[in-house]
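Asker: Each chain is listed here by its residues.
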Amino acid sequence: MTHEGLENEEVTTMASCLVKFMPENRTIEVKEGTSLVKAAAQAGIYIKSGCGGKGSCGACKVTVLSGHPEVKGTGRLTQEEIADGVRLSCQTFVYGDVTLEVPPESRLQEHQVLMGDVQKGLLKETEQDLLEKFGLHPLATKVHIQLPEPTLTENASDWARLQLELRRVLLVSSKPIDIPLSILQTLPESLRQAEWDVSVTLTDLEHGYTVTRVEKSNQRPPYGLAIDIGTTTVVVYLVDLSTGQILDQQGTYNKQAKYGDDVIARIVYAVDAPENLPEIRKAVVDTINELTDKILDRQKLQAQDLCVAVAAGNTTMTQLFLGIDPRYVRLEPYIPTMNVVPSVPAKEVGVHILPEALVHSFPSVASYVGGDIVSGTMVTDMANGEDITLFIDIGTNGEIVLGNQDWLVSCACSAGPCFEGGGILFGMRAMPGAIERVNIDRETLDVTLKVVGGILPVGICGSGLVDGLAKLREAGIIDRAGNFQMEHASHSERLRVTPDDKEFVLAWAQQAGGEKDVVITENDVKNLIRAKGAIYAGIRSLLTMVAVDVDMINRIMIAGGFGNYLNVHDSVEIGLLPDLPPEKYEFIGNSSVKGARLALLSQNAWREAAELGRKMTYIELSVGTTFMDEFVSALFLPHTDLSLFPSVGA
Amino acid sequence: MPVTLIKERFPSKVGEVTLGATAEQGGTRDSVVVVGGDNLLPFLHFEGKVVNRPVIAMEVTDIVPPWNEAIKAQFGDVLDNPAAWAKKCVDEFGADLIYVKLIGADPEGLNRSPEDCARVVKDVLAAVGVPLIVVGCETPEKDNEVMAAVAEATAGENLLIGLAEQDNYKSITAAAMVHKHNVIARSPLDINICKQLNILINEMGLPLNKIVIDPMIGGLGFGIEYAYSIMERARLGALANDKMLSMPMICTVGYEANRAKEANESVEAFPDWGELAERGVLWETLTATALLQVGASILVMRNPAAVKLVQHNIADLVEVAEA
Numbered sequence: 011m012t013h014e015g016l017e018n019e020e021v022t023t024m025a026s027c028l029v030k031f032m033p034e035n036r037t038i039e040v041k042e043g044t045s046l047v048k049a050a051a052q053a054g055i056y057i058k059s060g061c062g063g064k065g066s067c068g069a070c071k072v073t074v075l076s077g078h079p080e081v082k083g084t085g086r087l088t089q090e091e092i093a094d095g096v097r098l099s100c101q102t103f104v105y106g107d108v109t110l111e112v113p114p115e116s117r118l119q120e121h122q123v124l125m126g127d128v129q130k131g132l133l134k135e136t137e138q139d140l141l142e143k144f145g146l147h148p149l150a151t152k153v154h155i156q157l158p159e160p161t162l163t164e165n166a167s168d169w170a171r172l173q174l175e176l177r178r179v180l181l182v183s184s185k186p187i188d189i190p191l192s193i194l195q196t197l198p199e200s201l202r203q204a205e206w207d208v209s210v211t212l213t214d215l216e217h218g219y220t221v222t223r224v225e226k227s228n229q230r231p232p233y234g235l236a237i238d239i240g241t242t243t244v245v246v247y248l249v250d251l252s253t254g255q256i257l258d259q260q261g262t263y264n265k266q267a268k269y270g271d272d273v274i275a276r277i278v279y280a281v282d283a284p285e286n287l288p289e290i291r292k293a294v295v296d297t298i299n300e301l302t303d304k305i306l307d308r309q310k311l312q313a314q315d316l317c318v319a320v321a322a323g324n325t326t327m328t329q330l331f332l333g334i335d336p337r338y339v340r341l342e343p344y345i346p347t348m349n350v351v352p353s354v355p356a357k358e359v360g361v362h363i364l365p366e367a368l369v370h371s372f373p374s375v376a377s378y379v380g381g382d383i384v385s386g387t388m389v390t391d392m393a394n395g396e397d398i399t400l401f402i403d404i405g406t407n408g409e410i411v412l413g414n415q416d417w418l419v420s421c422a423c424s425a426g427p428c429f430e431g432g433g434i435l436f437g438m439r440a441m442p443g444a445i446e447r448v449n450i451d452r453e454t455l456d457v458t459l460k461v462v463g464g465i466l467p468v469g470i471c472g473s474g475l476v477d478g479l480a481k482l483r484e485a486g487i488i489d490r491a492g493n494f495q496m497e498h499a500s501h502s503e504r505l506r507v508t509p510d511d512k513e514f515v516l517a518w519a520q521q522a523g524g525e526k527d528v529v530i531t532e533n534d535v536k537n538l539i540r541a542k543g544a545i546y547a548g549i550r551s552l553l554t555m556v557a558v559d560v561d562m563i564n565r566i567m568i569a570g571g572f573g574n575y576l577n578v579h580d581s582v583e584i585g586l587l588p589d590l591p592p593e594k595y596e597f598i599g600n601s602s603v604k605g606a607r608l609a610l611l612s613q614n615a616w617r618e619a620a621e622l623g624r625k626m627t628y629i630e631l632s633v634g635t636t637f638m639d640e641f642v643s644a645l646f647l648p649h650t651d652l653s654l655f656p657s658v659g660a
Numbered sequence: 010m011p012v013t014l015i016k017e018r019f020p021s022k023v024g025e026v027t028l029g030a031t032a033e034q035g036g037t038r039d040s041v042v043v044v045g046g047d048n049l050l051p052f053l054h055f056e057g058k059v060v061n062r063p064v065i066a067m068e069v070t071d072i073v074p075p076w077n078e079a080i081k082a083q084f085g086d087v088l089d090n091p092a093a094w095a096k097k098c099v100d101e102f103g104a105d106l107i108y109v110k111l112i113g114a115d116p117e118g119l120n121r122s123p124e125d126c127a128r129v130v131k132d133v134l135a136a137v138g139v140p141l142i143v144v145g146c147e148t149p150e151k152d153n154e155v156m157a158a159v160a161e162a163t164a165g166e167n168l169l170i171g172l173a174e175q176d177n178y179k180s181i182t183a184a185a186m187v188h189k190h191n192v193i194a195r196s197p198l199d200i201n202i203c204k205q206l207n208i209l210i211n212e213m214g215l216p217l218n219k220i221v222i223d224p225m226i227g228g229l230g231f232g233i234e235y236a237y238s239i240m241e242r243a244r245l246g247a248l249a250n251d252k253m254l255s256m257p258m259i260c261t262v263g264y265e266a267n268r269a270k271e272a273n274e275s276v277e278a279f280p281d282w283g284e285l286a287e288r289g290v291l292w293e294t295l296t297a298t299a300l301l302q303v304g305a306s307i308l309v310m311r312n313p314a315a316v317k318l319v320q321h322n323i324a325d326l327v328e329v330a331e332a
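Just so you know, the protein sequences line up as chains A and B, in that order.
The first sequence begins at 11 in my numbering and counts up by one.
The second sequence begins at 10 in my numbering and counts up by one.
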């Protein structure tokens, strides 16, 4: 009896109501007592809330068209508005079916944020494809071969027969064609089961071909894998080698992260005990394989269909990927084991592709300028033409390349993981839920946000942090040294002191996808200032050392996992990037994986990568005091030397 | 063949700051003191012009200071009377300015109220005709209250008040803006912080010609070379038209020089060192003269005998040009 009674009671308290939203005409079911703002969020409609649901800001107005929701507060609504059915959605609660209209001005929406400063200086990733320039001639190929059946008089061996036909189809006379033992072992059966009608996959290198697979004739194109092995994230592209098209892509955190955030920590772990190097190597191979398997599954392909892979990573990542002891990369005088990396059959590396297929890795320049930068430099096309280009890859390390067709210099500076979301209380990488744009009202400190994927915010990614820092400064929440100004004229509740720190609330918990308010703290701000200071100091040091004036730079190419956009205006505003006209800037996203794709598809690109690796001069910033001097003066917004940022107003 | 002197011409100069205000200017001073304005490296007369000679501000504290007897004895019985003490500094020792340090405000010490402190400053103003520099007790929170009271009580006098520092510059800057005074911006021997602080203060709305840099110094034998190189960078910055480094500099010579053991220990304790009376004077003098060579505009000094020597030195350095 009691049991039943309880159940009944539960049913009555769980009573639900239908809430219909106009103009979407979307109806959802919510529990009794739910506020309209929450109901809207459940329906995927995000309503602004400046005060965080206290009923004081009036940003969350909606119009009730039918039904009688309970009103707990009307804030500053006028009598007229109330008579017209206007309610504050945070102060109005559902106790029956309701139909309401959410006016555009109450919506937290992409276009609303985008309208503000009309995207001043906002750069979308460029889509320029250099494949046309390099020409399609992939590192692996697949050919259809129809062999004449052997007879007593036409009795050449299986391999000689296949080789002869391959030479004819591939149009090669003298270039060697090799076949590994594992393929020979199964060759007789492969040929006969296919009734002499086969598809042959080969690696194609300058010095010769190698057969990697012989199978029954089919129409499937050859596929390749482009891999970016980042310290923090790993990205994989599936590429159709016959068309150059990217068929699928997938990215995730590097599983090595559990051994440390930066390359130094990874090296320390890798050499700490003999079993550690295989373990940390396996971590990155597992990361790549998981991504690959996911793509294969999605595309209904087999691992054997992938007939080549090109990986680009920094020097340490490359060494760890191949299981090469990295300890001397860390110790002065910072010597990598090799710059030119041998291409290795996949079965030796453990990557889930055709076992005999080759895994190529981009060459490095030095211990701290690796294959990812060589790859990116190729994508920028800066080594062709007289224009001086500055290429900056902003990741856990900031790597910088400067030059043109005649000369290239590079350097690296440690920025820390800030721009990839590390070392920041609510930092995250650019994925759905990450705040990528921030607007702060200078008077009220009300916030509007743009979130990747258009969902509720759970954290902030690199581009959001750049934006946020600039907007905190513009709104007078921080001074140029990054100190929070608690006596801000707005007296906004968003600006508050906690036992640990001072912080500014970007999104209140009820508007956020987590349980906590999403905030940016004074400590975050100081970390960001150090990170941007390191990058800018690296740029300045490199320019100083080669005596190039910043105005001589014709274009600046920025790479990095910021998100979909790089806000050049805000980047200059905070002193991350040099104060040059926005039209000189280009944002090229993840240039490392883009270069890996080019190499997969083009012999010329792969040759150019080797050439670039040789050509680039590395400058060690830890020699001398230039970098330290530059770094210290860059710890200010935008910079201690304001004359370097003439366009940045007070 | 005649030798041609290579002369360097700089694109800019050190900014000028005017301290004090006469009756016409809304104050009560007999005359004002202008510092800065030079367009040359210190005293290289063949390259430019020394517009305003360096000046000496003598230290006066609101309560009897814990200084050594060799210095105190030279002042006689005025040390418990800031007004009389200041008057003596001006009339007898020829001080260009009086530097009032309100150590009695220290919460750990007498903890004098802001109003009491303001009264002391008013008394000194009444006793002398030279402009005043006023600083607190170097406890930031207390100083913010004290200096606000002093700035208000002396509105119109165009004092130089301090200290604005990187972590505590707002309230004193605000006080100076409201009541029309100048501010000392103090940075810890760091050219970047020096410049950043000037930017922060300027952005609050205080004009650049109302700021004086205190680069902080080390006394002779205690890091004076660091002070020298920082001040040299600031001076070169000013001459190269870096507006955020172009303010004249104030150096707390008396305080730093007299912190040294060498300026305080008796000859009995260290027979090789010679008489304290002479040694203390020289220690402060040499600290001052070294910093004059790198562009100090205001020397804050303590020992009257040292002041006398440095006055001669300044006269010699400036007269070369006039001769």
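Just so you know, the hints here were simulated from the structure itself, not pulled from any lab data.
The reader is advised that the hints may include incorrect statements.
Stated by the list, open to error - Derived, one-sided and incomplete: chain B residues facing chain A with beta-carbon distance under 8 Å:
#1 Asn-77
#2 Asn-201
#3 Lys-204
Computed from a predicted structure; not experimentally measured.
Each residue gets a CB set at the ideal place from its N, CA and C atoms; glycine is no exception.
Asker: Hints first: check each against the structure and report whether it holds.
Answerer: Consistency of the hints with the structure:
Restraint check, Asn-77(B) versus chain A: the minimum CB separation of about 38 Å is more than 8 Å; hint violated. Interface restraint check for Asn-201(B): the shortest CB-CB distance to chain A comes to about 5 Å, inside 8 Å, so the restraint holds. The interface hint given for Lys-204(B) is met, as the beta carbon of that residue sits about 5 Å from the closest beta carbon of chain A, less than 8 Å.
The structure shown violates just one earlier hint, number 1.
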